[in-house]
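Please model the complete structure; the sequences and the hints are all you need to start from.
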Amino acid sequence: MEPSDISEKAPASLSFPKLAAFLLAVVLCAGLWWYSTNPARKVYLPDDPQAQVALELVKHHAARKDGTVEQALSIMLDQLRAEGVTLHEGDWRVASQGEDTYVVSKIVREKGSVEWIEREFAWRVNVKEPWVKVISLAAQSLMPFENLPPLPHGSEISRMVTPSWMAMRPG
1 MEPSDISEKA PASLSFPKLA AFLLAVVLCA GLWWYSTNPA RKVYLPDDPQ
51 AQVALELVKH HAARKDGTVE QALSIMLDQL RAEGVTLHEG DWRVASQGED
101 TYVVSKIVRE KGSVEWIERE FAWRVNVKEP WVKVISLAAQ SLMPFENLPP
151 LPHGSEISRM VTPSWMAMRP G
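Each step along the sequence shown adds one to the number in our numbering, with nothing skipped, and position 167 is 167.
The set of hints was computed from the structure by calculation and includes no laboratory data.
Here are the computed distance ranges between Cβ atoms for each label pair: (1) K18 <-> Q71: 48 to 56 Å; (2) P17 <-> I117: 51 to 59 Å; (3) W34 <-> W131: 37 to 45 Å; (4) P49 <-> G90: 17 to 25 Å.
All C-beta atoms, glycine included, are put in the ideal place defined by N, C-alpha and C.
Structure, rendered in structure tokens:
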């Protein structure tokens, strides 16, 4: 066999353009996979500049223990993760409820023993007068006691529940 016959039968080596196209396709596929499995964090705001103000009022409102509401929520979620609880943290959402009133919320889903448990942290905010009111049970755990709504029929309950030592007065 002559050397020219061997070179004709050998497979053609990969050319640079083919190799570059293959690597580009691999990188694009990896990028699409990463993007689909790791969605970017978003804040859902209406097309209203006051919505951002409402969100900031909630995030920077004083919390019961840990600085601001945003910090307290972050600490709570970090503690759950440290305990090994599987959870999904939703995005902040702001919805308009009138001229100057907004609802700011965030949903957290925890993996329970049987199914997912959903907690909605929600506040009603007025940006004109600026006030923040709790409208969900989960959000009450973060707010200072003076910002919590009164118990329904609270005055009636406190009259009905009297300590036994007060009921037995010498007479």
